[in-house]
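The lines below spell out each chain.
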Amino acid sequence: MADRVQEILSWYSSDNAGTRTNIARLLRQGKLAGTGKLVILPVDQGFEHGPARSFASNPGGYSPLYHFQLAIDAGCNAYAAPLGFLEAGASQYAGQIPLILKLNNHDTLHDEKDPLPSVTGSVKDALRLGCSAVGFTIYPGSSHCQTMYEQLRAIAEEAKASGLAVVVWSYPRGSVLSKEGETAIDVVAYAAQIAAQLGAHVIKVKLPTAHLEQAAAKKVYESAKIQIATLAERVKHVVQSSFDGRRIVIFSGGAKSEDQHVFEEARAIRDGGGFGSIIGRNSFQRPKADALKFLHTIMGIYSGEMQ
Amino acid sequence: MADRVQEILSWYSSDNAGTRTNIARLLRQGKLAGTGKLVILPVDQGFEHGPARSFASNPGGYSPLYHFQLAIDAGCNAYAAPLGFLEAGASQYAGQIPLILKLNNHDTLHDEKDPLPSVTGSVKDALRLGCSAVGFTIYPGSSHCQTMYEQLRAIAEEAKASGLAVVVWSYPRGSVLSKEGETAIDVVAYAAQIAAQLGAHVIKVKLPTAHLEQAAAKKVYESAKIQIATLAERVKHVVQSSFDGRRIVIFSGGAKSEDQHVFEEARAIRDGGGFGSIIGRNSFQRPKADALKFLHTIMGIYSGEMQ
Amino acid sequence: MADRVQEILSWYSSDNAGTRTNIARLLRQGKLAGTGKLVILPVDQGFEHGPARSFASNPGGYSPLYHFQLAIDAGCNAYAAPLGFLEAGASQYAGQIPLILKLNNHDTLHDEKDPLPSVTGSVKDALRLGCSAVGFTIYPGSSHCQTMYEQLRAIAEEAKASGLAVVVWSYPRGSVLSKEGETAIDVVAYAAQIAAQLGAHVIKVKLPTAHLEQAAAKKVYESAKIQIATLAERVKHVVQSSFDGRRIVIFSGGAKSEDQHVFEEARAIRDGGGFGSIIGRNSFQRPKADALKFLHTIMGIYSGEMQ
Amino acid sequence: MADRVQEILSWYSSDNAGTRTNIARLLRQGKLAGTGKLVILPVDQGFEHGPARSFASNPGGYSPLYHFQLAIDAGCNAYAAPLGFLEAGASQYAGQIPLILKLNNHDTLHDEKDPLPSVTGSVKDALRLGCSAVGFTIYPGSSHCQTMYEQLRAIAEEAKASGLAVVVWSYPRGSVLSKEGETAIDVVAYAAQIAAQLGAHVIKVKLPTAHLEQAAAKKVYESAKIQIATLAERVKHVVQSSFDGRRIVIFSGGAKSEDQHVFEEARAIRDGGGFGSIIGRNSFQRPKADALKFLHTIMGIYSGEMQ
Amino acid sequence: MADRVQEILSWYSSDNAGTRTNIARLLRQGKLAGTGKLVILPVDQGFEHGPARSFASNPGGYSPLYHFQLAIDAGCNAYAAPLGFLEAGASQYAGQIPLILKLNNHDTLHDEKDPLPSVTGSVKDALRLGCSAVGFTIYPGSSHCQTMYEQLRAIAEEAKASGLAVVVWSYPRGSVLSKEGETAIDVVAYAAQIAAQLGAHVIKVKLPTAHLEQAAAKKVYESAKIQIATLAERVKHVVQSSFDGRRIVIFSGGAKSEDQHVFEEARAIRDGGGFGSIIGRNSFQRPKADALKFLHTIMGIYSGEMQ
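Protein chains in written order, with our numbering: chain A, 43 to 349; chain B, 43 to 349; chain C, 43 to 349; chain D, 43 to 349; chain E, 43 to 349.
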């Protein structure tokens, strides 16, 4: 199985040894170590939605320590959070799990159609906290996309020079897109391509629907007969759109939903050649024992131990 | 009681020794030294409201020296003020009380619905004046919140690298919030969470009401049956929303009001697990003898010497 | 009289020796040397109003050398001007009189209700030209006040680190203020406080009228019975509003006017505890012999040699 | 033929040896080595138009490696692409073909009449990836042209100091231009001049039409009888407008079109004294064997081996 | 005659030896060497108006080398151009004529009532190209004047520290000025004063008309009986407005016009005490032999060899 990690690392041959080491750390951690698959625990909902909406359903989650322990106990590949949450546990949990510092965040006390998150941490913060990677969200389609792309450019340059990996959340949003368009297959594939071209090592997108948003793209999807009927086909197309599978692409679980539904999605991600999931609300908003069982099922699907 | 200081410091284990030393200085000063509770004297009203509105009722306060002496004589944990006020006494009172340099301020000659204070001091200023901490105000909900968060990010990074503590005033305000919403429990708890996620060591918020402002939050507060009927319960919820009590959260006294009312509030803060108060106008806008007596009563409530 | 200089310097004990030396240079120069009083010659009208409006009435003033010589011959404490005017004579007059480099300026070819001057010089310029201080204008009340305060913050930090003194012109202006409000006593006192809080060593304001502009302030002035009926009382209140007299506050002469009127004002400044005047158009827009006599009379009023 | 390269290098005598070396590398590579002509493969459509619109017609192109190999196999002078595409192969193909890192890009999820691309890479990125040149797009006529020119200024200064060449895509666009005006001969010649004045070593423009857009220019073209009837004449005028032929000017092929049409254009470029083509969609959107044949024909036209 | 150069240099006594050396180089070059008069060849029309409008009437001018040679052959004091034009010949013509790098430029593909040119070169560029001075255009009256003044401030500081001279083109323009007002005597004199106060060593303005634009100025011009009836009187007033003649002020020739008219203007400049001309379109838009004769006549007028 270690060969798969070596194969993946070969796609990042222009990166320095430090960055490749940190990509390897993500891939060699937890229950999926060495499989080339990843399940990452992200907890930025406290900032994005507020504390009660995020943690009241499972109050243990108010504590920053809870999530470090959950990620470790579940055998996740990494734990991703904003500055405050990582500062509150990074020293205590030093070396136990790769950390991803989310460098920009957005709250819903002030919201906008064309969002622009605030930069809330730095590459230097990531280094002093012992992180393996920085995370950054872009909203392709937002009228502020230029600002985000340029912030990411500067951060990625510094992160790569510092031997860190770069994880990009690429979520189409903005007044020019319909609500349905935010997860349209053409738009999601485009968002993955943009993240890849901006130099992301790991790309995170939402699971796409079969909707086609942009007229010019729709024509091509139809004439070239691109297969997008099933979720697995769509995952495959997104992976292809991410440098023909030579970039790690993972998918978000989204809001809390039925377990069977999430498992279905995991199977489609696996069958389409996706690299895994980033699962927040579906894991930390339920009692810990349930969360562990739930995450192990997903990991089993990815590792092939389960169907 | 020293154990309580050690316990609190353990929450900041990712910080360097310099910052932890300065947090300890705040906690080991004055009448509440070692209790884990704080009463801080802030005097930025000269900038925020103008000199006459701030000091005419007790003209001694026109002098910057007055406030240093008041904070020392009352046994406060620290004295917080803008650049000019600290420059005017920092050398003379060197080493007598921890200082907090307020790094942004806002005046009411030009006011706006979505406020953006001016940055009026620097971390370097704080260092040359012998301060233990920098203070910074954010207005979550303001259309300028991104600018403030990013200013704070840069300041906090520099302050932490310089061994200073970071105190954040988090006051929801802006055209999207109702007047009542500025102190709604969901909004105040959210504001505390944002400050914590931005990396604040000490968080200052207003005492919340039982009002619920945001529809999405209201649903959760009701379904999860979060207790917010009494002020002590609401304080407890704010403390929980600040990393489950692993961050120092103190509450502001607001405009001058009845002594008994302020004492009631202090008891609620204490009973809810709050860490203390920041008391400006209620202390420096009355004769010094009265102010000392008033502050000692509050400190007695926190220390348990008084009911 | 040297004791008065020592006393004044004691208010600036947080400043480094370099800055204190330069404050002392301002106070130990010219006819008022050692008295703690200052008369400064400012010549920025060429930039602010254009050359003909400034110098046609006394054409010698077209030459930058004229003003150096006038300030020296009259025994002023210092000469203040923009970059070009100082560059044109600083080397020739090196060491003969303390210089203040005005670091921002505004012209009237393009004017606005909410003014924002251009930064036209730097602290480094002040150092290479041998200046003792930098000067900076803020317009509290302008919608651009935040920009000005932050420019001043950066300049003051660099100036203080470089051993220079900081002189702030604080002129309330902006679309939220009535014309009368620009010189209202509450507004001028507030403007002086803001300059002091921003870290000014020397504050320059306009002479205030008895008008009260802001409703919230008016209530306090009336309830606290602040004395503002005479000009001397108003000067006293402004001095009190500048850290209870622990900052040097000087007053501007404004447009050219009757000599007796200016002398009356100087007496009120003296009687109210003001530290002196900054006199431009009333001095350089008349023949030199007249100007010297006029300035000597004002200096005599401040020194007590004249009534 | 090497003499032609020396002659071209003599036009860049103010550049340092590093930059001249890299210009020489572009001119001494591939089938056109030494002829002074260039055919460059650019692949930024993934970013600009999305992955499916760019690569679905020839799915090999989803892979970043495909384009390196295509450019090498076809004997192109250089391969130009955004950061992600170059990072994905620069190490593997190190030293096999000169690389041009496109430093700004624009996507069509959010589009505007007056476009402003995002800066997506840096000179430092180009250096660490072993590139010979940086590429930058300006849109003269856009209301954001000032921002682009100033970004280019800073990038070109750093690139030249670092020994890299600077390639500028100069595409008139913006709300003040008619659609027809974007390729009008007066506008294209002006765009070439602007790129040259901004310090470009290599200028890329679109093939111009005989339309005249600007009234003031039209008058001159008519009175001076500038020959613009044939495409070769217009190419000649654009070359003259680029410092009388002392700058390398190449022309873009545009959207996919009839082969014979592209060959006609190449002959006109050659006959007008143009330096070659930059051919993207017409090469990578067809099967590789066809692409090689197609590109060889064009190179044959430029080298004189074909008519 | 060398004494005149020494006299002029004495006005710049605050500048370092490097800058004074470069001012001397401008004054000791060409046919007017040592006279204290200057004729400078500026060629930025390619950028400002486009190539055909600039060079079609004398096609030799498409080549950057043409203008170096023209300036040398005509015995001009200096040649001024944007980055690209200087880069294309600076090495070849090294040391043959002082060069002035125009650091900002503006094109007419996108034009605005309140113009803001783009910064297109740097002081470092000027140094690596062996220039004696940098040139910068300000548009007093433009709503963007603050930006331009602050760009110039930073450039001038760096240029002076680097031993270069600073030449400022000061052209009133903007929506607040009437067309006639752009060359009104009060406005031009004000523009010259602003350039001088901003620290220009050499000021370039347009020849003024007798029109008075600003009401407040008009009153002064009339009451003080400032002589502005003849062009020579107006030149004299502009020179006086430039620090009483202690700054080098030269005048632009403007669009191509009748030779006799230009000679008349040169005589008025000479008689009014102006320092010379900057002559672009009237020289390079005619055949070279004519241009040399034309420029020699103007130089003869300035040197006194001709009437």
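Rather than coming from a laboratory, the hints here were simulated on the basis of the structure. Treat the numbers as computed from the prediction; the structure is a model and nothing was measured. Note that the Cβ used here is the ideal one computed from N, Cα and C, for glycine as well. There may be inaccurate statements among the hints.
Just the calculated beta-carbon pair ranges, DEER-fashion [what the hints assert, rightly or not]:
1) D:Ala-297 <-> B:Thr-150: 56 to 64 Å
2) D:Met-348 <-> A:Ser-55: 35 to 43 Å
3) B:Asp-313 <-> A:Ala-136: 51 to 59 Å
4) E:Asp-301 <-> D:Met-348: 38 to 46 Å
5) D:Lys-155 <-> A:Lys-261: 37 to 45 Å
Which stretches of chain C does chain B cover? Using the computed rule of at least three CB atoms under 8 Å from a CB of chain B, they are [stated by the list, open to error]:
6) 176-187
7) 214-225
8) 252-263
Unsatisfied constraints (hint numbers, rising): 3, 4 and 5
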